Amino acid sequence: MIVVDTSVAIKWVIAEDRRAEARLVLASGQMLHAPDLMLLEAANTLRRKVRAKLIGLDQMVAGFDLIRQSVGILTMRELIDDAISLSSELDHSIYDCSFLACARRIGSLLVTDDLVFLGKCRAGSYGVHVLGLTEVGDGGLERALEQVPYVDFFSSLEAD
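FYI, the numbering for the sequence shown is 691 to 850, going by the working numbering.
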């Protein structure tokens, strides 16, 4: 399982630096997850691209559909307490920390293209392996996934 943040997912549909690496994550065969906040961030980013006339409305809609269909969503209701705590510990936005909380909650790898956030995550011990998008290629994603112990998060929900 992999939690992707918006900086990764948006590259699936917009030609930006490290798009090939982002698409490797999408094509990895892993279950992809994110907090529901990601849908708002992605839609807003795509809308800004339309407004700047960098993409058309059709590309926005198709791109958003790809993101929505590719990622399993966890609600902020489940994540907000941990996101607040992490935000305080890292002195970083609750928005970004919700992705870290999501990865911690389901026991998965987190992939981001936000280098400031990546550095803060690596500076502490938060129980999550975080991979920068620049590290995905040349087997980096596979090596990172091997370091994440498998946790069947969804089976544990069924037991409750």
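Misleading hints may appear alongside valid ones.
Below, computed lysine to any residue pairings styled on SDA-like, alpha-carbon distance capped at 20 angstroms [what the hints assert, rightly or not]:
| id | residue 1 | residue 2 |
| --- | --- | --- |
| 1 | K739 | L756 |
| 2 | K743 | Q759 |
| 3 | K743 | R795 |
| 4 | K810 | R795 |
| 5 | K739 | A717 |
The hints are simulated quantities; they were obtained by calculation from the structure and are not laboratory data. What you are looking at is a predicted structure, and each value in this text was computed from that prediction instead of being measured.
List of violated hint numbers, smallest to largest | Of the numbered hints, 2, 3 and 5 do not hold.
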